[in-house]
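Peer 1: Starting from the known structure of chain A, arrange chain B on it as the hints suggest.
Spelled out from the first residue to the last, the chains are:
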Amino acid sequence: MNSASVTRRGSRGAAGRTVLVVLALGYLGLFLLLPFGVVFAQALSRGLATYLQALTDPVALAAIRLTLTVAAVAVPLNLVFGVVAAWTVTKHDFPCKSALVALIDLPLAVSPVISGLIYVLLFGMQGWFGGWLAAHDVRVIFAVPGIVLATVFVTFPFVARELIPVMQAQGRDEEETALSLGASGWRAFLRVTLPNIRWGLLYGVLLCNARAMGEFGAVSVVSGHIRGVTNTMPLHVEILYNEYNATAAFAVASLLALLAIVTLAARAALESRAPELKRAAHATDDSR
Amino acid sequence: MSIAVQSLNKRFGDFVALRDVSLEVPTGQLVAILGPSGCGKTTLLRIIAGLETPDGGRVFLQGREATDLPVQQRQVGFVFQHYALFRHMTVFDNVAFGLSVRRRRDRPPAAAIRAKVEELLTLVQLDSAAGRHPMQLSGGQRQRVALARALAVEPKVLLLDEPFGALDTQVRQELRRWLRRLHEALHFTSLFVTHDQAEALEVADAVIVMNRGRIEQRGTPEQVYDAPASAFVHRFVGSSQDLPGRRVSGRLHLGPLPPTASAGPDGSVSVVVRPQDVQVSREGTGWPGRVGAIRVVGPLVHVEIALAGHDGDPLVAEFERERYRADEFLAGQAVLVTLRRYEVYPAS
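First to last, the sequence lines map onto chains A and B.
If you read the first sequence in our numbering, its first letter stands for residue 1, the second for the next number, and so on.
If you read the second sequence in our numbering, its first letter stands for residue 1001, the second for the next number, and so on.
If you're looking for bench data, these hints aren't it; they were derived computationally from the structure.
Treat the hints with care, as some may be off.
Listed next, the in silico EDC-like pairs over lysine to aspartate or glutamate satisfying Cα-Cα at most 20 angstroms (straight line) [stated by the list, open to error]: (1) A:K91 - B:E1052; (2) B:K1116 - B:E1052; (3) B:K1116 - B:E1154; (4) A:K91 - A:D105; (5) B:K1116 - B:D1093; (6) B:K1156 - B:D1014; (7) A:K97 - B:D1014; (8) A:K97 - B:E1052; (9) B:K1156 - B:E1052.
Residues of chain A placed beyond 10 angstroms of chain B at every Cβ, according to the derived structure [claimed, not checked]: (10) V22; (11) A24; (12) T69; (13) T88; (14) L106; (15) V113; (16) V138; (17) P145; (18) T177; (19) R187; (20) G214; (21) G217.
Quick reminder that beta carbons are idealized off the backbone N, C-alpha and C, glycines included.
Excised from the complex, chain A in its bound form:
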């Protein structure tokens, strides 16, 4: 083979690569970045004053507060649940283990609307526990508890899913060594397991939080859309949009978009700190 043909072949390969890169970037730009940009452009289209006004509107502030409250309850709950589930699944053998793993994925498999409806069927006025709850004057559906429950259900798998591959890859040897050296199970968890999974755990919490704040479908079913009371940010965005108040809708939406950017940036930062997380994250994506 002479050098001219090598060059030609090489340049053809380079051209093909360029086409593919342009195609991929163009696709990303058109379907991801452009809409993202539009959110901010629309939000700021009537100036900064209008933007800030839309955000400081009492109803908007109530929605922001509710979203933060819901996340503040749902994320810690699922943090604990996720760690316990991942620990149970990866460090112990028991019958029906694969069934439990499949069950963890259930919220990812069903439509969020169904997740919301489940709670209406359970706790609504005509639901299984509805009568008892009404008799004791406890409101779940069309109230904050229902929104929290629906969010907990939907964001259930994120921490566990992030941790299971990490913990599987790490095996049980380190924990067993810690036990043989006299550590109690709890000490072994705190001193050996937890430090080994900390980056995966942090990333799982970030994802869980992003979903908890952004969840629409399940929350929409149980919320009842009471302005300033049971509206979360995504629900508030929808209401504003349906009222043709596009600027205000996009202003609130821009906060959610910012959350997404922060989550992604944190992911990139975490991956550069913990290379093992990258592999684990890919493994999770594959299993979904």
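Peer 2: For chain B alone, coordinates are given in the frame of chain A:
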């Protein structure tokens, strides 16, 4: 008696890992459990450590029943094949772990822990690596840290699961001699699991050979090598080869060789012989054969011989290189084979 187990049984689903296993390890001895993968040796070690529960049978540590004792209270040091170092801790913190997790009233003061860790790191020749993380160490260094970590809590017994299995041949040899010297200096009671017969024969005071969940033989390395109790042990410890024979009214018939006295029931038998016990000559009596491939293996020479009337693999005769020079053979040459020593087992 530092370790004793009685009639241990363990199954995993349909797989029987241990069948009625009993053994004893006297205080201060270094004992090897030798066997192929899946023979139950690791399960046995994990049951002694308390990392696995037996389906039946009992475990005694230093004369006391430990069957139901949790792993933390058994005071055993356990060393894994893949070291299992705590990856986020320095070498120092790894070795200090067992002492620093003790409850406050049992925990030695920080200065005492430091002194103990430094002493152990000197012992395993890693005093300069105290501040490093496991990722920055070689395999051999990691395993020495694992050993120091296990010794730090002054365990009653030390259990090692294929401790050198993940290392290069050369490092493995160095490390097992080092373990032998360490044992001679400290006299800890130790049980170690290996599939490498050379390792077992070189390091251990006594060898326990396991196969399919059972103990086949227990003895000194010489006993196990020189007087294998079963065809399996003979084949697994040292190299050996089989020839089919027949026993008829107390006499062994093997190819065209003259029948010899052999006690046991009549029928087909396996005659198992080691390569160094195969004698080859150009004249005299013996089983006629033809020389095939000749290979020089370091200080040894392996000569393959196709025996007349034997369909199986050619028989290998092993010579020391010095001796071989005196009477060299040529490929294709006709020779006569006799067996210096062999064992006879019922045909499998």
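Peer 1: Decide, hint by hint, whether the structure agrees.
Peer 2: Structure-based check of all given hints:
{"no.": "1", "hint": "A:K91 - B:E1052", "verdict": "holds (13 angstroms)"}
{"no.": "2", "hint": "B:K1116 - B:E1052", "verdict": "violated (30 angstroms)"}
{"no.": "3", "hint": "B:K1116 - B:E1154", "verdict": "holds (11 angstroms)"}
{"no.": "4", "hint": "A:K91 - A:D105", "verdict": "holds (19 angstroms)"}
{"no.": "5", "hint": "B:K1116 - B:D1093", "verdict": "holds (12 angstroms)"}
{"no.": "6", "hint": "B:K1156 - B:D1014", "verdict": "violated (34 angstroms)"}
{"no.": "7", "hint": "A:K97 - B:D1014", "verdict": "holds (18 angstroms)"}
{"no.": "8", "hint": "A:K97 - B:E1052", "verdict": "holds (19 angstroms)"}
{"no.": "9", "hint": "B:K1156 - B:E1052", "verdict": "holds (19 angstroms)"}
{"no.": "10", "hint": "V22", "verdict": "holds (40 angstroms)"}
{"no.": "11", "hint": "A24", "verdict": "holds (35 angstroms)"}
{"no.": "12", "hint": "T69", "verdict": "holds (35 angstroms)"}
{"no.": "13", "hint": "T88", "verdict": "holds (18 angstroms)"}
{"no.": "14", "hint": "L106", "verdict": "holds (28 angstroms)"}
{"no.": "15", "hint": "V113", "verdict": "holds (42 angstroms)"}
{"no.": "16", "hint": "V138", "verdict": "holds (44 angstroms)"}
{"no.": "17", "hint": "P145", "verdict": "holds (39 angstroms)"}
{"no.": "18", "hint": "T177", "verdict": "violated (5 angstroms)"}
{"no.": "19", "hint": "R187", "verdict": "violated (5 angstroms)"}
{"no.": "20", "hint": "G214", "verdict": "holds (33 angstroms)"}
{"no.": "21", "hint": "G217", "verdict": "holds (40 angstroms)"}
The structure shown violates the earlier hints numbered 2, 6, 18, 19.
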